[in-house]
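Student: Residue strings, one per chain:
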Amino acid sequence: NAGVTQTPKFQVLKTGQSMTLQCAQDMNHNSMYWYRQDPGMGLRLIYYSASEGTTDKGEVPNGYNVSRLNKREFSLRLESAAPSQTSVYFCASSEYPRGGTDTQYFGPGTRLTVL
Amino acid sequence: QKEVEQNSGPLSVPEGAIASLNCTYSDRGSQSFFWYRQYSGKSPELIMSIYSNGDKEDGRFTAQLNKASQYVSLLIRDSQPSDSATYLCAVILTVEGGGNKLTFGTGTQLKVEL
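Order-wise, the sequence lines are chains A and B.
So the mapping is simple: my numbering equals the position in the first sequence, first residue as 1, plus 64.
So the mapping is simple: my numbering equals the position in the second sequence, first residue as 1, plus 91.
With the rest of the complex left out, here is chain A (with noise of 0.2 Å):
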C-alpha cells in the first residue's frame, strides 16, 4: 500500500515550457487535491476533485490545469511556466466525495524550479 504517489521528485523548467506533475493514490480515496507550499505562505490550494469526473478551483488556480484521469489519478499541468510557480508541490487524497470535508493524506512532493 503506496499511499500518495507523485512524479517527478524534482524538475527544473525554463519559463515558456510546460509539464505534467502526475499523482496516484491507492487507497480508494473519493476526493484528491493540488497544493502548492511557498515559505511563509503556507499551503495553498490550486485545484480539488470531489469525487471522478469534477474538479473546481481552490485558492491560486491561474497558470495550472488539471484532470481527474479516474478515481486514482489527478495530474497538475503548467501549459506555459512561470518562475512565480517555483515551489513545491503536494498532492493529497481524502475518503470523502465531497472535497476538503475530512482528514487528507499527502503524497511527498515535487520540487518546482522554474527559470
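Just so you know, these hints were derived from the structure itself, not from any lab.
Note that beta-carbon positions come from the ideal geometry of N, C-alpha and C, so glycine has one too.
Please note that a few of the clues may not be correct.
[What the hints assert, rightly or not] Once the Cα atoms are required to be at most 20 Å apart in a straight line, the calculated EDC-like pairs of lysine to aspartate or glutamate come out as:
no., chain 1, residue 1, chain 2, residue 2
1, B, 93, A, 102
2, B, 93, B, 118
3, B, 202, B, 169
4, B, 192, B, 169
5, A, 73, A, 116
6, A, 121, B, 94
7, B, 158, B, 96
8, A, 73, A, 123
9, A, 135, A, 166
10, B, 192, A, 120
11, B, 202, B, 146
12, B, 192, B, 146
13, B, 147, A, 166
14, A, 121, A, 102
15, B, 158, B, 148
16, B, 93, A, 123
17, A, 78, A, 90
18, A, 73, A, 90
19, B, 147, B, 136
20, B, 192, A, 116
21, B, 192, B, 136
22, A, 135, A, 116
23, B, 202, B, 106
24, A, 73, A, 102
25, B, 133, A, 102
26, A, 121, A, 137
27, B, 192, A, 159
28, A, 135, A, 102
29, A, 73, B, 204
30, B, 133, B, 174
31, B, 192, B, 106
32, B, 158, B, 146
33, B, 192, A, 123
34, B, 192, A, 143
35, B, 158, A, 159
36, A, 121, A, 143
[Unchecked claim] Distance windows between CB atoms, simulated:
no., chain 1, residue 1, chain 2, residue 2, range
37, A, 143, B, 157, 41 to 47 Å
38, B, 118, A, 177, 44 to 50 Å
39, A, 135, B, 120, 26 to 32 Å
Keeping the supplied structure of chain A fixed, place chain B upon it in accordance with the hints.
Tutor: Structure of chain B alone, referenced to chain A:
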C-alpha cells in the same frame, strides 16, 4: 485577519519539557480540526484530529479544543529531538456557497534542544 493563525516560531524547548503549540481560527462554525507534522523537506503527516471541545490524548500528544474561544492547541509531553519539525494547524472552514475547505495555518517551527 487570517483564517487560521499560528505563531511561526521557532519555539525552542529543552528535551523532556512540554511543548505547547497554539492555533486560532476565524470561522465560529468550524467543526473539524487537525494537527499535521512536517519535517524539513518532507510532506505533512497527520498527528491528530479533534472534533469536540476538550482534550484528546494520543501517546505523548494532546490536542485541546475550545470552540467558544476559537482556539485549538497541541501539547507534546516529554519532547524529544525527533519532535523538531514544523507543526501545521488545519481547520475545515465554511466557504461562500455552502461548501467547505480545509485551510492550513502557516505552521509553527518547533526545536527540541538537547
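Student: Would you mind marking each hint as holding or not holding in the structure?
Tutor: Here is what the structure says about each hint:
no., hint, verdict
1, 93/B - 102/A, "holds (16 Å)"
2, 93/B - 118/B, "holds (10 Å)"
3, 202/B - 169/B, "holds (13 Å)"
4, 192/B - 169/B, "violated (33 Å)"
5, 73/A - 116/A, "violated (25 Å)"
6, 121/A - 94/B, "holds (18 Å)"
7, 158/B - 96/B, "holds (15 Å)"
8, 73/A - 123/A, "violated (24 Å)"
9, 135/A - 166/A, "holds (17 Å)"
10, 192/B - 120/A, "holds (12 Å)"
11, 202/B - 146/B, "violated (24 Å)"
12, 192/B - 146/B, "violated (24 Å)"
13, 147/B - 166/A, "holds (18 Å)"
14, 121/A - 102/A, "holds (19 Å)"
15, 158/B - 148/B, "holds (18 Å)"
16, 93/B - 123/A, "holds (14 Å)"
17, 78/A - 90/A, "violated (33 Å)"
18, 73/A - 90/A, "holds (18 Å)"
19, 147/B - 136/B, "holds (18 Å)"
20, 192/B - 116/A, "holds (18 Å)"
21, 192/B - 136/B, "holds (18 Å)"
22, 135/A - 116/A, "holds (5 Å)"
23, 202/B - 106/B, "holds (9 Å)"
24, 73/A - 102/A, "holds (16 Å)"
25, 133/B - 102/A, "holds (13 Å)"
26, 121/A - 137/A, "holds (17 Å)"
27, 192/B - 159/A, "holds (14 Å)"
28, 135/A - 102/A, "violated (28 Å)"
29, 73/A - 204/B, "violated (31 Å)"
30, 133/B - 174/B, "holds (14 Å)"
31, 192/B - 106/B, "violated (36 Å)"
32, 158/B - 146/B, "holds (12 Å)"
33, 192/B - 123/A, "holds (10 Å)"
34, 192/B - 143/A, "violated (26 Å)"
35, 158/B - 159/A, "violated (25 Å)"
36, 121/A - 143/A, "holds (16 Å)"
37, 143/A - 157/B: 41 to 47 Å, "holds (45 Å)"
38, 118/B - 177/A: 44 to 50 Å, "violated (35 Å)"
39, 135/A - 120/B: 26 to 32 Å, "holds (31 Å)"
Violation of the numbered hints given earlier is confined to hints 4, 5, 8, 11, 12, 17, 28, 29, 31, 34, 35 and 38; the remaining hints are satisfied by the structure.
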